[in-house]
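There are 2 protein chains.
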Amino acid sequence: MNKHKVLFLPHNKEVIVKDGENLIRAAMKAGVHINASCGGEGVCGKCRVLIEDGNVDGGTSEKISREDYAAGYRQACLSSVKSDIVVRVPVESAIDASVLNAWSSPRRAAGVREVNFERFKQNGCFLPPVEKKYLELPKPTAKDNLPDVARLISYLKRKYNEQRLVVDLPVIRKIPDIFRECNFNITVTLARPVQIGRKTHIINIQPGDLTGENYAIALDIGTTTIYGQLIDVNTGAIMARYGNFNRQISYGEDVIARLVYAEKPEGLKRLHDVVVEIVNHIIKKMAHEAEIDSEQISVMILAGNTTMTQLMLKVNPKYIRRSPYVPASALYPPIKAVDLNITLGEHVSALIFPAISSYVGGDIVAGVIASEMYKAEELTIYMDIGTNAEVVIGNRDWLVCAACSAGPAFEGGGIKFGMRAIKGAIEDFSIDPLTLEPMNITVENVRPRGICGSGLINIVAALFETGVIDNIGRFNRDLDTNRIRSQNGIYEYVLAWTDENGIDKDIVLTEPDINNLIRAKGALYSGCMTLLEEVGIGFHDIDRIVLAGGFGSYIDLERAMTIGLLPEIDPDKFTYIGNGSLIGATICCLSNHIRKDVVEITRRMTNFELSETASYMNNYMASLFLPHTDMSRFPRIKQRLEARKGKDFEGRLKSS
Amino acid sequence: MNKHKVLFLPHNKEVIVKDGENLIRAAMKAGVHINASCGGEGVCGKCRVLIEDGNVDGGTSEKISREDYAAGYRQACLSSVKSDIVVRVPVESAIDASVLNAWSSPRRAAGVREVNFERFKQNGCFLPPVEKKYLELPKPTAKDNLPDVARLISYLKRKYNEQRLVVDLPVIRKIPDIFRECNFNITVTLARPVQIGRKTHIINIQPGDLTGENYAIALDIGTTTIYGQLIDVNTGAIMARYGNFNRQISYGEDVIARLVYAEKPEGLKRLHDVVVEIVNHIIKKMAHEAEIDSEQISVMILAGNTTMTQLMLKVNPKYIRRSPYVPASALYPPIKAVDLNITLGEHVSALIFPAISSYVGGDIVAGVIASEMYKAEELTIYMDIGTNAEVVIGNRDWLVCAACSAGPAFEGGGIKFGMRAIKGAIEDFSIDPLTLEPMNITVENVRPRGICGSGLINIVAALFETGVIDNIGRFNRDLDTNRIRSQNGIYEYVLAWTDENGIDKDIVLTEPDINNLIRAKGALYSGCMTLLEEVGIGFHDIDRIVLAGGFGSYIDLERAMTIGLLPEIDPDKFTYIGNGSLIGATICCLSNHIRKDVVEITRRMTNFELSETASYMNNYMASLFLPHTDMSRFPRIKQRLEARKGKDFEGRLKSS
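Residue numbers (my numbering), protein chains in the order written: chain A, 1 to 656; chain B, 657 to 1312.
Bear in mind the hints are in silico, worked out from the structure with no lab data behind them. Possibly wrong hints are sitting among the right ones.
[As the list claims (entries may be wrong)] Quick partial rundown of chain B residues pointing at chain A, CB under 7 Å, derived from the structure:
#1 801
#2 975
#3 1268
#4 1269
Ideal Cβ placement from N, Cα and C applies to all residues, glycine included.
Here chain A stands alone, though its shape is the one from the complex:
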């Protein structure tokens, strides 16, 4: 795809963007502030810029006069970059470019790590749990009238040296007729054992040669969202992807609410039925999209947190939320999909990722698989940041893990105008240090409707760096702006006025919101700290941090460090893996070698209950600051803050 250079003046900052990129997003990416309250719908008209060289598409509205348009003025939020351009941003005369740049920095997300399924084949890991074989069996005669099943087994032994074969009753029931319908030319589906020496099950028999069609389903059962992938196990190709909300949300937003609901009469059944229904919907959608016959799906692998797993399996999760937080089981045997009411063939087993503890579930184990940290020499921290946050630290020699009670702030929960990262959510933000005017960027560039997790981090980081809030998250009461105000004694910052946004009231960020975020990030950071201390190392020993969860890709590393969510280490050490749970499940659809690792990982991983770990509370209390009580842990931020001391703009203070 075509790429273009965008040079912002007077900042003198350059950024490379893809063809058609929204100009205000390009500015955000470059770390250039442009006033923009309305999220990119062109309503507020504040984001006027001058295109000094090159072309943009659009950028005009009633807010731009004919003359201004001819002179090169455009609304940034309505402009698409179509060539290399030079853009001049109008800034207050009091601010020079060097100062501007000190206040803001380019966006920097973690490098994306793609799983390379080709590598699997090269290193001999490609050994799917299910395999189809086409067989032309010898026909029975008076001299050779072995029972049908014995005929099949002895042929597989003779021709392929298959050992320890088992045929289950439903397959036996199909065998006599299918053998004769297709003249003893059949396709068998073999389910391979994870452990060498265990039994291979003949799980299905089909007439003719169907070896070309053999599929698997990988599923991530999230508290909020369920994602599926349909995989061709012959090639490793992803045939379809589909995600949908977990409709259990109607019975409770988060895990705890679900646990409470599950204790009501029929509650467990209801939650089970609902999640199964959506799983069935996802499977159907994917089969349709990939244009495959769902009869050719041979296996499914599920990963989910401990509660989601127990609800999926209809195992009472009552004791997960009661001290001492005991899940029913870590490991589950393979379960017939039909026994879970999943609409797949009766031969299909659902393989369940094992859990570590009540709050470190199969999704995390799957993520560890996806990250490959358990095979590496380098020390890695795996962080899955969602409704809660789970952390795994270790390498091929050891693994420790903990669940951090981060609460739902990262997903917009507990925030006055918090929302999920859907259309209209403020996902990025910058503030003019002098005028304190915002630059809101929303999902899909529409009028703001609320704030999502990444937006929240970026807002709080920007407010903190510009001195609008202090290190305990309190607004500076002396600033001369109508955007900071007290409502019923609670201070707040107005992100978007009613007439600029997509709802019927001002969208604000309150001090309690900031405190919620501080507690959330404090829980995650102190959780990591505690684990590190327990194993006697520090963040400086860490070679790699893997971020997982839908949220991870949107986290701006610098801003996450600014608020003390992430440790201040080399950004190159961060990678973003995406939905680790789904990737781990997908990998296991293609490799029994790695499925064997799964059980090994559950044995090796030591879980810490943070609430029972002596040092945790101290670490947590020390983390309830921006970025932290101990500023020596955040030297870059410390340096930036010190560099700005005394550079506060007199002009923004109220005249006393």
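Mind docking chain B on chain A? Use the hints.
What follows is chain B alone, placed relative to chain A:
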């Protein structure tokens, strides 16, 4: 129990009977003929005898005058032996005792072999497939919050060195609540693997200590009858027994008729449902009788012929009756009883005895287990004589088997007045060689209603020994009796006139009936012969013949040899084992060691399809005589027949 001596005169034959024995049965047992047409109901009045010494109860009716009674005359069929007695039987003056005795001989059934479960324990074979353990688990704490299942498994490992434990989903679902309901004091049920090194399944969990209650069900699924035993697996005690007709009979008397019905629309389902219904009934009856909670039944083991097994498992048996006679499978994996709609706990597995071929089924394998022939040095023939007849020959080194198409004659099938061995069936018979009057003994001593299998053998043997029929089963047309007559060109012998019997016409035995029996016994004998020839030995090499099947206990060995059903060898070599199938299933409820032998036996046993074995047809043709073409095989009979030559009674011939 009190025993009495009965001396019959003028025969001078003595027999020991139990107190209260019917006098006519005592006579039959001694080999003494008394005219008795009415089966023992006192109607015909022909069985009048004189009690010369000692006492009988009863024995009187309107047929005995007051004077005769005072003189000691009684009706034998109404008399019970209450002391040592001397009985004089009125005989035709023309016959002296020595002749009488040559015509008849005492009854001699095979010695009954009881299975001694105590011996199991002594030789270390007592290792039931299911075991209950009571556990007082440590309660979870903040420091020890293992998942429930992991807690259970690690405790079993630590305390009992249990390895390779698996817990299935239904048990996992029960665990969290049960653990806490009973303060972590629980009973687990372990299902032991047959093969060492395989997995032990934790199949059930119950609150408190229920180790004292652990039961198994053994079932023999017969074509005609289904028998069950309820076994205490802690002690090996049989708690209850129950048998009932297989109600599939409504859809066809024999295996072939069932196979035909199974091909009708819904036929297989119907037959499956019907047999399951009766199995459920039997289980309920036994649990009720033993006063146990059927929830405490932990396992069931089923043995049946190949067709019954496939119908029970709802596996299409269509190809069993079509050349080349291929069953669906020899081996079946353990199947959840509930998946077969059996009303037992969902933890209960049904273990299925494997089949050898389409017509040598799991019932025969179970019988081989029961007979222990596969462990012995002695050469044994195992014969299960029922609707069909199956034969196994061998010892601990080798085993061969075959199904003989004996047809249903032994169960009364294909016989004009044939019936099962129920009330009113003529089960024993003797004939007065001069008058040709019969002595009929019926089941429960009521008026005759028909002829059962053992009756048929005894009638034909008696007719043959007395020269009433020849060696191809043809009636001697020259005998002067109204009991032999031709109806529509078919010769027959009247066993009981209408006014003496319990139906509305004369009960007769026809020449076609005799031919059916000859074909049946010929099939069995020639089947044995063929197997023996195939392995290069003869009947003289055989150390033991084990008879199985309900029928076996009623077979009089001498008479069965007389017609050539059994080989003429030392009667001491015969043992009767009863329902070998049920006993084998019962043994396996108590011993995994022996369950391991089951699979071993199926591997070792070589099946011969007689129709495909070259020598069979010659052997069969040679067997279609009484007792056989080759009389050198039956030297005792040959000698008896020769001894009687020329002793025929002139008086019984028609005056020409």
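If you check each hint against the structure, which ones fail? 4
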